[in-house]
Amino acid sequence: METKPKLYGLMAEFDSPTDVVEAARATYDAGYRRINAYSPYPIEELAEAVGFHSTRLPLIVLIGGIIGGLVGYGLQYYVAVIDYPLNVGGRPFHSWPSFIPITFEMTILFAALSAVFGMLALNKLPQPYHPVFNAERFALASRDRFFLVIEANDPKFDHDKAMSFLKTLNPKEVVDVEQ
Amino acid sequence: MASEVDQPHDDVRIHKTETAPLVGPGHDFASVTDKISSLVLKRKTPIWWFIGFAIAFSITMMLLLTITNLVFTGIGIWGNNVPVGWAFDIINFVWWIGIGHAGTLISAILLLLRQEWRTSINRFAEAMTLFAVACAGLFPLLHTGRPWLAYWLFPYPNTMGIQPQFRSPLMWDVFAVSTYATVSALFWFIGLIPDFATLRDRAKSKAWAKVYGLLAMGWRGSARHWLRYEAAYLLLAGLATPLVLSVHTIVSFDFAVSQIPGWHATIFPPYFVAGAIYAGFAMVLTLTIPLRKFYGLEDFITMRHIHNMAKVMLATGLIVVYGYMMEAFFGWYSANEYESYMIWNRMTGPYAYFYWALILCNGIIPQFLWSKKIRSNLLVLWLISIVVGIGMWLERFVIIVTSLTRDFLPSSWGMYSPTMWDWTMFIGTLGLFFALLFLFIRFLPIISIFEMRTILPQAEIEEEHA
Numbered sequence: 001m002e003t004k005p006k007l008y009g010l011m012a013e014f015d016s017p018t019d020v021v022e023a024a025r026a027t028y029d030a031g032y033r034r035i036n037a038y039s040p041y042p043i044e045e046l047a048e049a050v051g052f053h054s055t056r057l058p059l060i061v062l063i064g065g066i067i068g069g070l071v072g073y074g075l076q077y078y079v080a081v082i083d084y085p086l087n088v089g090g091r092p093f094h095s096w097p098s099f100i101p102i103t104f105e106m107t108i109l110f111a112a113l114s115a116v117f118g119m120l121a122l123n124k125l126p127q128p129y130h131p132v133f134n135a136e137r138f139a140l141a142s143r144d145r146f147f148l149v150i151e152a153n154d155p156k157f158d159h160d161k162a163m164s165f166l167k168t169l170n171p172k173e174v175v176d177v178e179q
Numbered sequence: 001m002a003s004e005v006d007q008p009h010d011d012v013r014i015h016k017t018e019t020a021p022l023v024g025p026g027h028d029f030a031s032v033t034d035k036i037s038s039l040v041l042k043r044k045t046p047i048w049w050f051i052g053f054a055i056a057f058s059i060t061m062m063l064l065l066t067i068t069n070l071v072f073t074g075i076g077i078w079g080n081n082v083p084v085g086w087a088f089d090i091i092n093f094v095w096w097i098g099i100g101h102a103g104t105l106i107s108a109i110l111l112l113l114r115q116e117w118r119t120s121i122n123r124f125a126e127a128m129t130l131f132a133v134a135c136a137g138l139f140p141l142l143h144t145g146r147p148w149l150a151y152w153l154f155p156y157p158n159t160m161g162i163q164p165q166f167r168s169p170l171m172w173d174v175f176a177v178s179t180y181a182t183v184s185a186l187f188w189f190i191g192l193i194p195d196f197a198t199l200r201d202r203a204k205s206k207a208w209a210k211v212y213g214l215l216a217m218g219w220r221g222s223a224r225h226w227l228r229y230e231a232a233y234l235l236l237a238g239l240a241t242p243l244v245l246s247v248h249t250i251v252s253f254d255f256a257v258s259q260i261p262g263w264h265a266t267i268f269p270p271y272f273v274a275g276a277i278y279a280g281f282a283m284v285l286t287l288t289i290p291l292r293k294f295y296g297l298e299d300f301i302t303m304r305h306i307h308n309m310a311k312v313m314l315a316t317g318l319i320v321v322y323g324y325m326m327e328a329f330f331g332w333y334s335a336n337e338y339e340s341y342m343i344w345n346r347m348t349g350p351y352a353y354f355y356w357a358l359i360l361c362n363g364i365i366p367q368f369l370w371s372k373k374i375r376s377n378l379l380v381l382w383l384i385s386i387v388v389g390i391g392m393w394l395e396r397f398v399i400i401v402t403s404l405t406r407d408f409l410p411s412s413w414g415m416y417s418p419t420m421w422d423w424t425m426f427i428g429t430l431g432l433f434f435a436l437l438f439l440f441i442r443f444l445p446i447i448s449i450f451e452m453r454t455i456l457p458q459a460e461i462e463e464e465h466a
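Line order of the protein sequences matches chains A and B. Going left to right, the first sequence walks through residues 1 to 179 as our numbering numbers them. Going left to right, the second sequence walks through residues 1 to 466 as our numbering numbers them.
Keep in mind that the hints are not guaranteed to be accurate.
What follows is a list of derived Cβ distance ranges for each label pair [said to hold, decoys possible]:
#1 A:179 x B:65: 56 to 64 Å
#2 B:150 x A:83: 37 to 45 Å
#3 A:83 x B:357: 33 to 41 Å
#4 A:139 x B:457: 52 to 60 Å
#5 A:117 x B:115: 37 to 45 Å
#6 A:117 x B:290: 34 to 42 Å
Which chain A residues face chain B? A few, computed with CB under 10 Å, are given here [said to hold, decoys possible]:
#7 37
#8 54
#9 65
#10 66
#11 83
#12 130
#13 165
#14 174
Just so you know, these hints were derived from the structure itself, not from any lab. For clarity, every value in this text was computed on a predicted model and none was experimentally measured. For each residue, glycine too, the CB sits at the ideal point set by N, CA and C.
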């Protein structure tokens with residue numbers, strides 16, 4: 001028996017943002033759940049159309065910021081009160097107003113680092129290989145084309161049915177994407 | 001009635017500046033992508049690039065020579081000495097940091113305020129921020145005298161059993177500036193990821209496709225990724241906004257927390273922040289006006305952008321002038337003889353020329369920007385923005401030098417003048433700044449491609465009307 005490469009999914013190409021959003025909505029309404037769309041710029045409606053409504057990122061950033069603030073203040077408290085107490089003009093060792101600027105900066109620093117690395121981690125980037133890059137025309141996803149993918153591991157997936165369904169959505173073309 | 005408003009009338013011309021497009025007519029996703037990415041990928045390196053880079057690079061070599069001499073000899077090669085212990089190193093530090101702030105303002109604050117005109121200039125302005133911060137950082141680092149021990153500024157367990165002093169504004173500066181540099185670099189890099197993907201997919205040579213591919217980290221424009229990406233970008237903008245205000249506030253604390261006449265003033269934080277934005281917009285204009293001409297980017301950086309930047313410059317300039325008036329008022333109204341002598345000495349003392357040159361550069365010449373005719377004349381606008389850059393440098397000179405040369409005790413007064421090495425160091429950082437900018441405009445997309453796509457009219461989703 002001939003070994004065929006495993007199928008990752010079916011990819012439909014569109015040339016306007018409105019078309020891909022409508023197609024994604026129709027696909028979701030048809031019961032497909034493991035779907036994704038690709039666009040050259042962020043389209044809020046598109047993420048919602050593929051059933052992705054919110055991200056945990058803001059919570060991660062909030063936690064990062066709080067940890068940063070505590071670390072910043074704790075560090076200064078430890079240094080100025082416990083590890084190296086120094087009498088400066090008779091001020092108390094725990095002279096908290098002087099500790100605010102660095103606490104603020106550390107809050108921002110930790111929050112910003114969690115925003116960047118949180119976003120990359122949730123998106124599972126860096127990811128050098130992904131099956132969608134196997135599609136010949138996918139390079140246009142970073143230029144002017146929009147793509148909709150139904151993954152082969154969708155419970156409702158059946159190659160021929162999915163293919164004919166996608167063709168009803170007025171795509172430019174529909175192709176198989178290998179794993 | 002909406003349909004009537006949409007009808008083109010002959011008399012809508014008066015509103016033309018308000019509705020002037022952000023992108024020239026006839027552009028679509030493909031043409032915007034191809035035009036900006038071809039500047040990096042296809043276009044032959046123009047001859048002016050080689051000439052400009054060669055000049056900037058030679059000046060950078062002069063900076064290296066100065067630093068070498070400084071490290072071998074010591075900071076005695078500079079002109080600063082008691083009583084003027086802070087001079088060119090802090091003047092230039094504050095000047096460069098201030099220039100950097102316009103980049104963050106354009107990329108973060110204008111994003112939060114939904115000012116879409118920022119889109120074609122933010123990438124470039126952020127690059128300017130990074131390079132300006134790099135130049136700024138050199139000055140305090142080398143002013144320590146033993147830059148190889150600069151890590152002593154950070155708290156870490158050490159065999160000497162000592163720790164830094166967190167009650168000092170100079171320590172606040174260390175944390176503020178290093179946080180600012182880190183966050184600006186992250187913001188810039190995050191903004192570049194989707195454009196790296198575009199360059200990866202467009203690059204003709206395999207080697208460049210690999211380099212850009214590595215930087216793009218496998219970005220593929222997935223809708224799920226975009227949602228998180230937008231969240232991260234917006235959050236970073238929200239974090240960078242208070243950060244940029246705090247950085248220059250803390251820089252002003254270096255002065256305001258001390259007791260020196262002319263420094264010990266509550267107006268310093270807002271006055272410094274406004275001055276920073278003023279100098280920064282002047283620098284953005286100084287750089288974009290020639291750049292858009294040489295690269296033919298008139299479709300993307302339109303006259304509307306230029307007008308808006310000139311207006312921001314004028315507005316912040318007026319805040320700065322208010323600061324100058326308040327300094328004089330405080331000197332008189334405080335009824336404190338040191339404060340009133342300080343301002344009198346600034347206006348009539350040995351450095352009076354600098355003070356009046358500053359008023360001319362920052363207070364009087366920018367008033368021409370009220371005229372729309374002048375804002376539309378690119379050459380005049382370019383000259384005014386250079387004048388403002390010089391004026392802001394003079395401002396820091398006046399604040400730092402005049403206050404230190406004559407403080408409380410006349411027996412400890414003394415004059416300051418820079419040496420040749422002060423100048424080579426300052427001009428050297430200008431060379432470094434421009435050398436980095438030349439590399440940037442050759443190897444990276446100077447305009448954010450994916451954000452340009454979002455402001456095209458065809459990017460709108462047309463919802464079906466029920």
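The hints, checked one at a time:
1. A:179 x B:65: 56 to 64 Å: With Cβ atoms ~58 Å apart, the hint holds.
2. B:150 x A:83: 37 to 45 Å: violated (21 Å)
3. A:83 x B:357: 33 to 41 Å: violated (49 Å)
4. A:139 x B:457: 52 to 60 Å: Once the Cβ atoms are compared, 25 Å apart, the range 52 to 60 Å for residue 457 of chain B and residue 139 of chain A is violated.
5. A:117 x B:115: 37 to 45 Å: violated (28 Å)
6. A:117 x B:290: 34 to 42 Å: About 38 Å separates the Cβ atoms of residue 117 of chain A and residue 290 of chain B, which means 34 to 42 Å holds.
7. 37: holds (4 Å)
8. 54: Check passed: Cβ of residue 54 of chain A comes within 8 Å of chain B, closer than 10 Å.
9. 65: Since the shortest Cβ distance to chain B is 8 Å, the answer is holds.
10. 66: violated (13 Å)
11. 83: Residue 83 of chain A check passes; min Cβ-Cβ to chain B is 6 Å, inside 10 Å.
12. 130: Hint holds; residue 130 of chain A Cβ to chain B Cβ min 6 Å, cut 10 Å.
13. 165: Residue 165 of chain A check fails; min Cβ-Cβ to chain B is 19 Å, beyond 10 Å.
14. 174: violated (18 Å)
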